[in-house]
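Asks: So the chains spell out like this:
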Amino acid sequence: MDLKPESPVESSGELAELADRIRLRAVRMVAMHGLGYLGQALSSAEILATVYRRVYRPDADRIVISPGHYVIGAFAAAAESGLLDPAALATYGHDGSRLEAIGTERSPSVDLTCGSLGQGLSAAVGFALSDRLRGRADARTVVLVSDGELEEGQVWEAAMFAGHHRLDRLVALVDANNSQVDGPVAEITTIEPVADKWRAFGWHAQDVDGHDTGALAAAVEAALEADRPAVVIARTSTTTGLDCLPDNTDGHFVKLPAELAERAAAELEARLA
Amino acid sequence: MRRPPYPTVLKPYGRALLDLARADDRIVCLSGDLTRQCEVDLFRDELPERFVNAGMSEANMIGIAGALARAGHVPFVHTFGVFATRRPFDQIVNAVAYPNLPVRIVGFMPGVSSPGGPSHQAIEDVALMRALPNLTVIDAADAVEIRQVVAAIVDHPGPVYLRLKRGEIPVIFDEEYQFSMYRAQRLRAGGDALIVANGMMLPAAVVATDVLAAAGIDCGLVHAPVVKPLDAATVVDAAAGVRAVVTAENHTIVGGLGSAVAEALAEAGCGARLRRVGLRDTFAEGALTAHHLFQTYDLTTQSIVDAAWAALGSSDPAPVAPTSPAAVGEYSPV
Chain A
55 MDLKPESPVE SSGELAELAD RIRLRAVRMV AMHGLGYLGQ ALSSAEILAT VYRRVYRPDA
115 DRIVISPGHY VIGAFAAAAE SGLLDPAALA TYGHDGSRLE AIGTERSPSV DLTCGSLGQG
175 LSAAVGFALS DRLRGRADAR TVVLVSDGEL EEGQVWEAAM FAGHHRLDRL VALVDANNSQ
235 VDGPVAEITT IEPVADKWRA FGWHAQDVDG HDTGALAAAV EAALEADRPA VVIARTSTTT
295 GLDCLPDNTD GHFVKLPAEL AERAAAELEA RLA
Chain B
27 MRRPPYPTVL KPYGRALLDL ARADDRIVCL SGDLTRQCEV DLFRDELPER FVNAGMSEAN
87 MIGIAGALAR AGHVPFVHTF GVFATRRPFD QIVNAVAYPN LPVRIVGFMP GVSSPGGPSH
147 QAIEDVALMR ALPNLTVIDA ADAVEIRQVV AAIVDHPGPV YLRLKRGEIP VIFDEEYQFS
207 MYRAQRLRAG GDALIVANGM MLPAAVVATD VLAAAGIDCG LVHAPVVKPL DAATVVDAAA
267 GVRAVVTAEN HTIVGGLGSA VAEALAEAGC GARLRRVGLR DTFAEGALTA HHLFQTYDLT
327 TQSIVDAAWA ALGSSDPAPV APTSPAAVGE YSPV
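Chains A and B supply the protein sequences, listed in that same order. Just so we're aligned: the first sequence equals residues 55 to 327 in the working numbering. Just so we're aligned: the second sequence equals residues 27 to 360 in the working numbering.
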């Protein structure tokens with residue numbers, strides 16, 4: 055098919071609708087397997103919608119999805135943005151597919167994704183440094199980071215380096231969904247105060263409701279204006295946008311049997327209708 | 027090829043990299059807070075716009091280097107061998123080796139050349155890097171070779187780990203020497219025994235070959251600076267018909283040159299007895315001098331002679347290796 059990037063969506067309402075389309079595509083991808091990284095797509099849907107419409111320009115910029123488990127959301131967002139053939143999503147997670155469930159070198163439509171967590175920010179720093187070395191003053195590097203990854207020391211090595219070198223074309227979005235494998239991040243390691251940590255490392259930091267597309271759009275606009283690397287900490291949850299999910303859903307790896315998948319798709323289709 | 031004691035030079039690597047970088051703006055130099063020690067103060071002072079000091083953050087430094095390579099630069103990453111391989115191993119796997127990117131990781135101060143104790147002694151760096159798909163692993167022996175290695179790896183398509191002695195670098199080879207990424211160097215032919223060495227053990231291996239020859243043993247010598255991919259054909263060919271093979275490396279005998287040679291010989295069905303000179307699956311210790319450590323951990327000329335003698339099954343006492351004292355500024359094997 056002829057892939058053509060969509061024109062930028064302007065209103066926060068349209069961004070919210072795009073977020074639900076990302077959710078619906080993610081539900082269909084996970085439904086094929088009965089379980090998978092749906093929670094990551096649900097928590098990051100508005101973040102990705104905002105990134106793909108308000109920050110990332112495919113011809114000029116680079117995008118890094120640091121936690122490889124989130125690549126499902128990037129695939130959905132890319133398919134909604136004319137950057138990936140939507141038909142490819144049907145191969146997600148299947149044997150032999152390049153759309154592997156945890157992102158790899160074969161993952162289409164992203165510049166880099168890392169299955170081993172905590173490494174993406176360093177790569178984003180490297181891309182931003184490359185642009186500076188080449189005098190590409192307009193190029194942006196956008197990186198999605200998860201809050202659980204902030205437990206990895208490498209993230210802070212990279213943050214310190216970016217702050218020292220004032221890599222002002224670097225924009226990080228932290229999906230603060232308070233979810234990691236063993237449970238809520240807050241119960242495993244206190245990472246708060248997150249925004250203050252980034253500020254202390256020399257970053258422009260904002261803390262916003264990560265499901266509020268208006269707040270996200272305003273935050274990324276300020277981030278792009280900043281005279282230093284900028285981070286948007288987006289407060290989210292792994293079940294937002296799907297009321298049908300049971301209360302005890304494991305957000306890291308959602309079980310989605312056929313009947314629940316049908317209800318989930320119906321809920322999203324009704325909202326999008 | 028010269029005989030010990032060898033003259034030494036300073037910063038042959040740093041000068042070679044700078045010479046190349048002057049003419050090739052793809053080259054970017056990264057340092058992990060060991061700039062002078064890794065000879066890249068020369069680069070920093072002349073090409074500061076392409077010099078990146080990552081500070082003490084090896085994981086981040088490797089991640090940055092991977093992205094720079096992805097974007098078309100040729101990053102050379104510098105720190106001590108221990109910090110270059112132990113700390114950022116997962117980052118090398120995921121950000122460099124798996125994507126097969128042209129990052130050059132240069133680890134200084136190999137094996138027990140550092141008297142700084144186990145924290146500073148890279149005794150398993152070759153084994154770690156050799157285990158990774160796509161990596162080329164080089165343990166260079168002298169200033170002539172180092173200069174050629176740097177030129178040879180600039181355009182190599184995949185990642186390289188280069189292991190270099192720090193400080194005064196001996197000049198062993200003549201200017202006619204030609205390093206190859208793909209061929210081991212058959213320095214001497216011999217029908218009774220074969221020594222395979224590289225890096226800081228090459229001078230000891232050269233003398234050991236002479237000592238064995240004087241004792242009536244026709245001993246061959248192969249210099250294998252490229253541990254991976256090992257030129258198995260040259261090693262196997264040189265080992266054809268010999269009764270004993272000795273490897274010598276400034277590294278643990280697990281996973282490095284000795285292991286690579288063992289694999290090559292066994293796969294070829296070569297039945298010669300093998301002895302591996304190197305650290306015998308042990309950490310070393312801190313000391314005042316590297317000389318003491320080479321002696322303590324059996325990384326000497328005599329160690330190689332004894333290993334060959336034992337493998338040949340001789341019941342006579344082994345010949346005694348001479349000591350070749352080095353004046354200040356010279357280098358001789360222990």
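Derived by calculation from the structure, the hints in this document are not laboratory data. Ideal Cβ positions, reconstructed from N, Cα and C, are used throughout, including at glycine. Where hints are given, some of them may not hold.
If you want a taste of the chain A side facing chain B, the calculated C-beta under 7 Å gives, among others [what the hints assert, rightly or not]:
| hint | residue |
| --- | --- |
| 1 | SER170 |
| 2 | SER176 |
| 3 | SER184 |
| 4 | PHE215 |
Asks: Look at each hint and say if it fits the structure.
Replies: Structure-based check of each hint:
no., hint, result
1, SER170, "5 Å, holds"
2, SER176, "3 Å, holds"
3, SER184, "4 Å, holds"
4, PHE215, "6 Å, holds"
In this structure, none of the earlier numbered hints is contradicted; all agree with it.
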